[in-house]
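**Q** The lines below spell out each chain.
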Amino acid sequence: MARISLFLSGHDKEDENKVCRLFAITSNEPLSPMVALRALDVMKEGHDGSGVGLLMTDLGGDLEQFRGSPILSGIFSQEGIKRLDRYMMELGLLTKFKLSIRPVKMPPEGTPKRDVYLIRVYEYPLEWEGFTEAEIADRLMRIRIDLRRLGGQDGSMVVFSFWPDTIMIKEVGDPLAIAEYLGLDRKGLKARVIMAQGRQNTNYAVTLYACHPFFLQGFATMTNGENTAFGPIRDYLLSRGFPGYTGYQSDSEVFTHTLHYTVNRLGLGIDDYKHIITPLKDEELIRHPDSVFLRRLKHGCRLLAIDGPNCVIGCLPDKTLFMVHDSKKLRPGVVGGRPGMFAFSSEMCGLDGAIPVREGNYEFQPMKYDLACVDASRMEVRRWNQWEPCTRLH
Amino acid sequence: MGTLHPSALSPRDLPWRVCWDRDRCTLCGQCTAVCPVRAIELGVHRRREIPVSVGLGERPGNVYRVFYGIDQKTDPAHACVGCGMCSFVCPNSAIFPVRSEETDKLKFHINQGGEPRRRGGRRNDTASVLDRIKFVRISMLTDPALDAGRHEFELRTLLGRILPPEEILKSAGEDGWAPPVREIYPLIVGGMSFGALSPNMWEGLQMGVAYLNEELGMPVRISTGEGGCPPRLLRSRFLKYVILQIASGYFGWDEIIHALPEMKEDPCAIEIKYGQGAKPGDGGLLMWHKVNGLIAAIRGVPPGVSLPSPPTHQTKYSIEESVAKMIQSLCMAWGFRVPVYPKISATSTTTAVLNNIARNRYAAALAIDGEDGGTGAAYNVSMNHMGHPIAANVRDAYLNLVKIGKQNEIPLFAAGGVGKNGNLAANAAALIMLGASGVQVGKYLMQAAAGCVGSEGDRCNICNIGRCPKGITSQDPRLYRRLDPEDVAERLVDVFLSFDAELKKILAPMGRSTSLPIGMSDALGIDDFHAAERLQIGYMV
Chain A
1 MARISLFLSG HDKEDENKVC RLFAITSNEP LSPMVALRAL DVMKEGHDGS GVGLLMTDLG
61 GDLEQFRGSP ILSGIFSQEG IKRLDRYMME LGLLTKFKLS IRPVKMPPEG TPKRDVYLIR
121 VYEYPLEWEG FTEAEIADRL MRIRIDLRRL GGQDGSMVVF SFWPDTIMIK EVGDPLAIAE
181 YLGLDRKGLK ARVIMAQGRQ NTNYAVTLYA CHPFFLQGFA TMTNGENTAF GPIRDYLLSR
241 GFPGYTGYQS DSEVFTHTLH YTVNRLGLGI DDYKHIITPL KDEELIRHPD SVFLRRLKHG
301 CRLLAIDGPN CVIGCLPDKT LFMVHDSKKL RPGVVGGRPG MFAFSSEMCG LDGAIPVREG
361 NYEFQPMKYD LACVDASRME VRRWNQWEPC TRLH
Chain B
395 MGTLHPSALS PRDLPWRVCW DRDRCTLCGQ CTAVCPVRAI ELGVHRRREI PVSVGLGERP
455 GNVYRVFYGI DQKTDPAHAC VGCGMCSFVC PNSAIFPVRS EETDKLKFHI NQGGEPRRRG
515 GRRNDTASVL DRIKFVRISM LTDPALDAGR HEFELRTLLG RILPPEEILK SAGEDGWAPP
575 VREIYPLIVG GMSFGALSPN MWEGLQMGVA YLNEELGMPV RISTGEGGCP PRLLRSRFLK
635 YVILQIASGY FGWDEIIHAL PEMKEDPCAI EIKYGQGAKP GDGGLLMWHK VNGLIAAIRG
695 VPPGVSLPSP PTHQTKYSIE ESVAKMIQSL CMAWGFRVPV YPKISATSTT TAVLNNIARN
755 RYAAALAIDG EDGGTGAAYN VSMNHMGHPI AANVRDAYLN LVKIGKQNEI PLFAAGGVGK
815 NGNLAANAAA LIMLGASGVQ VGKYLMQAAA GCVGSEGDRC NICNIGRCPK GITSQDPRLY
875 RRLDPEDVAE RLVDVFLSFD AELKKILAPM GRSTSLPIGM SDALGIDDFH AAERLQIGYM
935 V
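If you read the sequences in order, they're chains A and B. Going by our numbering, the first sequence opens with residue 1, and the numbers climb by one from there. Going by our numbering, the second sequence opens with residue 395, and the numbers climb by one from there.
Derived by calculation from the structure, the hints in this document are not laboratory data. There could be a bad hint or two in this list.
[Claimed, not checked] Covered by chain A, per the in silico footprint, the following chain B stretches (three or more residues, Cβ under 8 Å):
{"no.": "1", "region": "466-479"}
{"no.": "2", "region": "539-549"}
{"no.": "3", "region": "691-704"}
{"no.": "4", "region": "789-802"}
{"no.": "5", "region": "913-919"}
[To be verified] Heads up, simulated DSSO-like pairs for lysine-lysine below, C-alpha to C-alpha not over 27 Å straight-line:
{"no.": "6", "chain 1": "B", "residue 1": "Lys899", "chain 2": "A", "residue 2": "Lys328"}
{"no.": "7", "chain 1": "A", "residue 1": "Lys328", "chain 2": "B", "residue 2": "Lys634"}
{"no.": "8", "chain 1": "A", "residue 1": "Lys281", "chain 2": "B", "residue 2": "Lys501"}
{"no.": "9", "chain 1": "A", "residue 1": "Lys281", "chain 2": "B", "residue 2": "Lys499"}
{"no.": "10", "chain 1": "A", "residue 1": "Lys368", "chain 2": "B", "residue 2": "Lys634"}
{"no.": "11", "chain 1": "B", "residue 1": "Lys898", "chain 2": "A", "residue 2": "Lys368"}
{"no.": "12", "chain 1": "A", "residue 1": "Lys98", "chain 2": "A", "residue 2": "Lys82"}
{"no.": "13", "chain 1": "B", "residue 1": "Lys899", "chain 2": "A", "residue 2": "Lys329"}
{"no.": "14", "chain 1": "B", "residue 1": "Lys467", "chain 2": "A", "residue 2": "Lys281"}
{"no.": "15", "chain 1": "B", "residue 1": "Lys899", "chain 2": "A", "residue 2": "Lys281"}
Beta carbons are placed, not taken as given, at the ideal position from N, Cα and C, and that holds for glycine.
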């Protein structure tokens with residue numbers, strides 16, 4: 001009897017099971033974002049098409065020539081554009097190039113009408129000359145946060161990123177319909193690294209700022225599932241005294257900031273990131289060759305450990321894409337491709353859709369201890385797991 | 395009838411009245427023998443009967459008969475404490491104490507000779523904010539609830555100063571000193587001294603703790619309380635499960651210091667007691683009744699004298715001077731290998747203490763004991779009216795640490811009223827999610843592991859005079875032999891195993907398993923708006 005009732009309720013179960021579908025691709029040849037969005041569409045059975053988040057970096061097309069210049073991505077009203085111009089003018093930041101999208105058609109169902117999807121390249125002011133990289137990174141971040149704050153008052157400006165070689169687009173609605181509406185298949189819009197996610201947040205109030213991927217100073221991540229340790233992690237990041245650790249409309253934003261904290265603030269690597277968010281258990285650590293250091297790291301970063309079913313796909317400033325899972329491995333995730341082009345997908349069908357012809361020896365489904373990454377050379381899928389000795393000397 | 399004087403009370407004026415059923419009584423006398431306060435005695439009663447014969451032939455007359463029964467004494471020194479041992483031993487269930495339905499008059503007279511009431515036990519108030527806190531964030535669809543029985547849970551906590559990650563990396567590079575950190579179970583057996591507890595109770599707890607560690611792999615730790623530690627334990631490998639407490643009387647520390655060169659293991663930690671929740675601002679109090687030869691030897695004092703610890707450490711004139719130095723001295727005694735942390739009573743000035751501790755890199759943690767903490771002996775007024783509830787205090791402390799970004803550096807341990815109404819795991823989980831790294835528990839263990847009859851209804855509460863009817867807090871062999879240490883150990887293990895299962899039953903539905911949810915206040919709710927505001931948790935109705 002129980003078996004029958006389970007069967008009968010199967011349809012509901014499927015609906016309930018919808019989680020964010022994630023897809024990222026890295027390719028030597030610049031690709032249109034449509035590749036990633038079509039892959040999302042293949043995985044549509046599992047997401048509800050309620051939104052899209054897109055990150056493009058290592059740009060090709062029209063923007064390749066502006067590699068070092070910061071690009072502002074966001075959604076602006078007419079009033080917002082005016083405010084933005086005044087604000088940037090005061091800082092001495094001048095527009096160098098625009099790829100902004102002003103939709104003329106009616107938006108697809110469920111998508112609000114916006115004035116401008118801004119993609120604007122700026123030129124650094126003269127007085128920034130001689131600034132160190134860190135100083136520039138700090139300024140760019142503060143400007144983005146400030147614009148977000150100013151725009152948040154009346155909703156006139158929604159800012160996703162302000163960083164060289166990076167474009168972000170986020171919107172509510174069906175990913176493919178939005179892509180068509182915004183004309184994302186245009187020739188000049190191409191990138192070698194693309195991250196896409198096909199759903200609005202469900203766990204907190206719907207806001208564009210809650211839509212993955214999240215981005216901070218070159219670090220980006222997107223995640224599915226829910227991180228139940230979100231509260232203490234958020235509190236810990238907020239109390240680090242770093243202005244970029246802000247937002248947190250989504251529990252997944254902490255993955256990006258923890259990554260930033262690990263690499264930028266602590267000077268550690270991506271393998272240490274895995275050790276921080278999913279530390280080995282106490283009894284496991286005893287058997288690890290770097291147990292002394294890892295135990296200390298676990299203690300010190302205790303409040304950054306995640307808890308939840310999560311598949312995390314991220315991108316580092318050096319354009320390395322990676323995938324890790326929570327320590328219970330309650331979400332799927334697969335990496336595959338061929339030298340020159342690799343994709344990271346939360347579902348096998350997404351990978352099949354985007355790269356139908358792959359070399360099987362590169363195919364890898366990371367398990368709970370694993371990290372899979374592909375660097376900018378795109379030659380191989382590097383596999384690493386937490387039982388290996390730490391790669392850097394501590 | 396005696397003289398009617400102001401403190402003359404009738405049984406009805408007492409908090410507990412002993413009801414006795416003449417028809418069921420076998421006159422065996424066991425109840426009067428067992429009564430710890432001699433509240434009842436065998437009495438010989440005369441009763442007048444007037445037998446009336448049928449007809450008018452004989453005139454009715456008096457017949458005086460004698461019967462034997464139980465008398466309840468009414469003088470304050472022998473007032474029934476409601477422990478119920480009489481009904482425990484009665485073969486016919488002929489006797490039992492009953493709570494007076496109105497406020498007793500005894501409380502106005504229990505200060506004969508100008509001596510205020512002193513007692514052991516608890517605050518006698520069933521109210522508990524912790525009991526009202528609910529875990530409202532349930533995982534279901536966006537993240538699946540976990541299986542408490544099948545998933546792996548890491549329920550350990552850290553006791554010890556944890557350096558910020560930046561400093562950990564720096565000290566790892568320099569191969570420098572890092573503060574000692576212990577990975578322990580978040581439920582700690584709180585400080586109950588050898589002296590306050592009977593030898594059998596102490597031995598039982600120690601055996602239970604050793605079993606939990608060595609057979610079940612649960613790193614449970616036990617604090618000694620202020621009364622020293624038996625010499626053999628100091629020199630045994632089991633010392634690593636023990637937190638040695640030093641308090642203002644320094645009892646037993648002569649023995650401990652002398653044992654230092656012979657210690658096989660370092661103790662888990664050193665707890666410096668500056669205050670306790672049951673009697674904040676007052677020192678420990680071991681009354682002379684309980685200071686027998688053994689206790690006197692371990693504590694290094696003459697037998698048969700009351701041992702009131704000073705309210706404060708006599709060397710201390712400022713927090714910087716004494717607390718810092720004392721912490722550092724004790725760190726030094728064990729070569730900086732043992733965490734040393736202060737324990738204070740919850741107070742509105744907790745955050746000031748905490749901020750000071752936060753600046754002292756040798757301070758390993760802060761234990762905060764709330765007003766509902768229990769005690770072996772204290773003035774009634776201290777127990778009932780002094781102190782601060784633990785929930786708000788530990789929350790303030792945690793939020794203060796969050797504000798200065800040190801919430802992971804100084805673990806907070808909460809105590810006082812955890813499980814006071816029997817909800818041990820729920821109370822502990824609530825405190826952990828409010829910000830505690832772990833909890834200390836005493837009274838609950840006395841009830842669950844040894845059958846203490848005390849309750850929040852002023853029952854028994856005679857721990858101070860050494861006549862504990864269950865042998866838990868007595869130093870009289872005739873009493874403590876009632877308690878088998880093996881039984882205590884077994885029950886202690888039962889308690890920890892069931893606590894563990896219940897804690898998982900709380901954490902699993904919230905989707906937490908990889909680490910203890912310290913400060914996970916987004917999962918908490920309470921049905922009182924002001925309490926919710928105060929604790930910065932959800933308000934739910």
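**Q** If a hint holds in the structure, say so; if it does not, say that too.
**A** Here is what the structure says about each hint:
Residue count for the region 466-479 of chain B with a Cβ under 8 Å from a Cβ of chain A: 0. That is fewer than the three needed, and the coverage hint is violated. Look at the region 539-549 of chain B against chain A: 4 of its residues bring a Cβ nearer than 8 Å to a Cβ of that chain, three or more, so the hint holds. Check on the region 691-704 of chain B: 0 of its residues sit with their Cβ under 8 Å from a Cβ of chain A, so the three-residue criterion for coverage is violated. With a cut-off of 8 Å between beta carbons, the region 789-802 of chain B has 6 residues touching chain A; three or more are needed, and the interface restraint holds.
Residue count for the region 913-919 of chain B with a Cβ under 8 Å from a Cβ of chain A: 5. That meets the three needed, and the coverage hint holds. Straight-line distance between C-alpha atoms of Lys899/B and Lys328/A comes to about 18 Å, which keeps the hinted pair within the 27 Å bound. A hinted pair counts as satisfied when its Cα atoms are at most 27 Å apart, and Lys328/A with Lys634/B does not qualify at roughly 32 Å. Taken as a hint, the Lys281/A and Lys501/B pair is broken in the structure, with Cα atoms around 55 Å apart against an allowance of 27 Å.
With a C-alpha separation of about 59 Å, the suggested pair Lys281/A and Lys499/B falls outside the 27 Å cut-off, and the hint is violated. Between Lys368/A and Lys634/B the alpha-carbon distance is near 34 Å, which puts this suggested pair outside the 27 Å criterion. A distance of roughly 21 Å separates the Cα atoms of Lys898/B and Lys368/A; the hinted pair therefore holds under the 27 Å criterion. Restraint check for Lys98/A and Lys82/A: the C-alpha separation of about 15 Å stays at or below 27 Å, so the hint holds.
With a C-alpha separation of about 21 Å, the suggested pairing of Lys899/B with Lys329/A holds against the 27 Å cut-off. Taking the CA atoms of Lys467/B and Lys281/A, the gap is about 61 Å. The hint is violated against a cut of 27 Å. Under the criterion of a C-alpha separation no larger than 27 Å, the hint pairing Lys899/B with Lys281/A is consistent with the structure, at around 20 Å.
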